[in-house]
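Student: Take a look at the letters that make up each chain.
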Amino acid sequence: QQQQQGRSSVQLNDVLNTQVLSALLDDPAVCSSLYPHLPDQTEHTPAQLRQVVLSPQFQQALHGFTSALQSGQLGPLIQQFGLDASSGLSPEAFLRGIEHKVRENQQNASSNKDEDHMDES
Amino acid sequence: MAEAGNWCLIESDPGVFTELISGMGVHGVQMEEVWSLDSESMERLKPVYGLIFLFKWQQGHSATAEPTQPDGGNDHIFFAQQVIHNACATQAILSILLNRPDIDLGPELSNFKEFTADFSPDMKGLAISNSDLIRSVHNSFARSDPFVNEMHDPNAGKDEDVYHFIAYLPIHGALYELDGLSQGPVNLGPCDEDHWTDQANEAIQQRMARYGDTELHFSLMALTRDRLDTYQEQLDEIDALMLSLPDDAPERRQFNSNRMEIEHHMQLEQEKRSRWHRENTLRKHNFIPMIYQLLHTLAEKKQLDPLITEAVDKGKKRNAAKQ
Numbered sequence: 235q236q237q238q239q240g241r242s243s244v245q246l247n248d249v250l251n252t253q254v255l256s257a258l259l260d261d262p263a264v265c266s267s268l269y270p271h272l273p274d275q276t277e278h279t280p281a282q283l284r285q286v287v288l289s290p291q292f293q294q295a296l297h298g299f300t301s302a303l304q305s306g307q308l309g310p311l312i313q314q315f316g317l318d319a320s321s322g323l324s325p326e327a328f329l330r331g332i333e334h335k336v337r338e339n340q341q342n343a344s345s346n347k348d349e350d351h352m353d354e355s
Numbered sequence: 401m402a403e404a405g406n407w408c409l410i411e412s413d414p415g416v417f418t419e420l421i422s423g424m425g426v427h428g429v430q431m432e433e434v435w436s437l438d439s440e441s442m443e444r445l446k447p448v449y450g451l452i453f454l455f456k457w458q459q460g461h462s463a464t465a466e467p468t469q470p471d472g473g474n475d476h477i478f479f480a481q482q483v484i485h486n487a488c489a490t491q492a493i494l495s496i497l498l499n500r501p502d503i504d505l506g507p508e509l510s511n512f513k514e515f516t517a518d519f520s521p522d523m524k525g526l527a528i529s530n531s532d533l534i535r536s537v538h539n540s541f542a543r544s545d546p547f548v549n550e551m552h553d554p555n556a557g558k559d560e561d562v563y564h565f566i567a568y569l570p571i572h573g574a575l576y577e578l579d580g581l582s583q584g585p586v587n588l589g590p591c592d593e594d595h596w597t598d599q600a601n602e603a604i605q606q607r608m609a610r611y612g613d614t615e616l617h618f619s620l621m622a623l624t625r626d627r628l629d630t631y632q633e634q635l636d637e638i639d640a641l642m643l644s645l646p647d648d649a650p651e652r653r654q655f656n657s658n659r660m661e662i663e664h665h666m667q668l669e670q671e672k673r674s675r676w677h678r679e680n681t682l683r684k685h686n687f688i689p690m691i692y693q694l695l696h697t698l699a700e701k702k703q704l705d706p707l708i709t710e711a712v713d714k715g716k717k718r719n720a721a722k723q
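Chain order of the listed sequences is A and B. Be aware that the first sequence starts at 235, since it is given in my numbering, and climbs by one per residue. Be aware that the second sequence starts at 401, since it is given in my numbering, and climbs by one per residue.
Misleading hints may appear alongside valid ones.
What the hints assert, rightly or not - One side of the interface only, derived from the structure: several residues of chain B facing chain A at Cβ under 8 Å: (1) M608; (2) A609; (3) W676; (4) H677; (5) E679; (6) R683; (7) P689.
As the list claims (entries may be wrong) - In silico DSSO-like pairs for lysine-lysine, Cα to Cα no more than 27 Å straight-line: (8) A:K335 x B:K714; (9) B:K456 x B:K701; (10) A:K335 x B:K513; (11) B:K701 x A:K335; (12) B:K672 x B:K714; (13) B:K446 x B:K684; (14) B:K456 x B:K702; (15) B:K702 x B:K717; (16) B:K684 x B:K672; (17) B:K716 x A:K335; (18) B:K714 x B:K701; (19) B:K716 x B:K701.
Please keep in mind that the hints were generated in silico from the structure rather than gathered at the bench. We put the beta carbon where it would ideally sit given N, CA and C, even for glycine.
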């Protein structure tokens, strides 16, 4: 049941904890991919990014998003990311949905390579 | 508690409250967190218009152990009963603003005060909850994350903690306690502008003692004059005094050093304002796309799966600990 899955109480904060975030931000490619998601008028520098991502307000946003996911009603929002609506049923379903989608993409990418170069559009 | 429109839950933070107050059109005031109510700390904050005592209490414990008898002489006080839970911080702030004739309320809040002057306490509470101005400024602190705001506060469940705000301020020579959950304003006895915070301190200590050994989280905020205005006034005073001194007057040295000290405080205050502004921007930011991008990256780096397993374990342990 939805409620039960919510009760499994997976917290996004446990996944995106300070240690994990800090390590990710050491990667310049990761930084570049995050700049577009900074608030307006924030400088696109690793130092500014670090300040935002490691802020208490970011952790609060994670808490808020976790409890919204626990409501089990975020299907429509989640579909905007190209995930299955069932990924909106709980925080754990959301995380597994992302994992599943990325694995699938990676498999497709590698099999495309094997079959010579297909049309890339 | 009745629901009159959607009021988001806002954070108890001086930066949030200060922006909220100026958003309502009020000039020349700010909110400060108070760490200690001793006379020396209060001296540094003067002028203080009012204090807000906020605390978290467990439901089931009566908020007002002593029944308060509404006395007839309270007509001149703006007292509103709390109608909406999430709005109680905003209401505590209004209790101070609307009872201080020396604060520049701005046109909209002045109108509101005039309009509600003859209302009963419960009607005043309703008027606050129905005010578009007050609600929209309050709700400008809502997170912009889609859907997230529509959810109920996860911590406000049946058996969970509840936040409660009470305002203390001098009105016409007496110290008053304004608690939206009481029947009316409580007169705590005569006071003067210079020493009322000491009396408020005592009242707050007694309040805290009433909750005995239940776990009580609390903080204190002071509504003060805009610190930058106060410092500027001090600088202007020194400058005026120095103007009347001859160039070689020995007092100049002391004045100059005072001046530097005030300028230093001013700079610290300005830095604090920028920090508040930055934090408020982050409070309002929609972080969901960034969260998604981070999780996606973790999956690409093949780090997400083990982290999910860990988080599930942690969640189970948390649940087990609760039972």
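Student: Name the hints, by number, that the structure is in violation of.
Tutor: Those not satisfied are hints 1, 2, 3, 4, 9, 10, 12, 13, 14.
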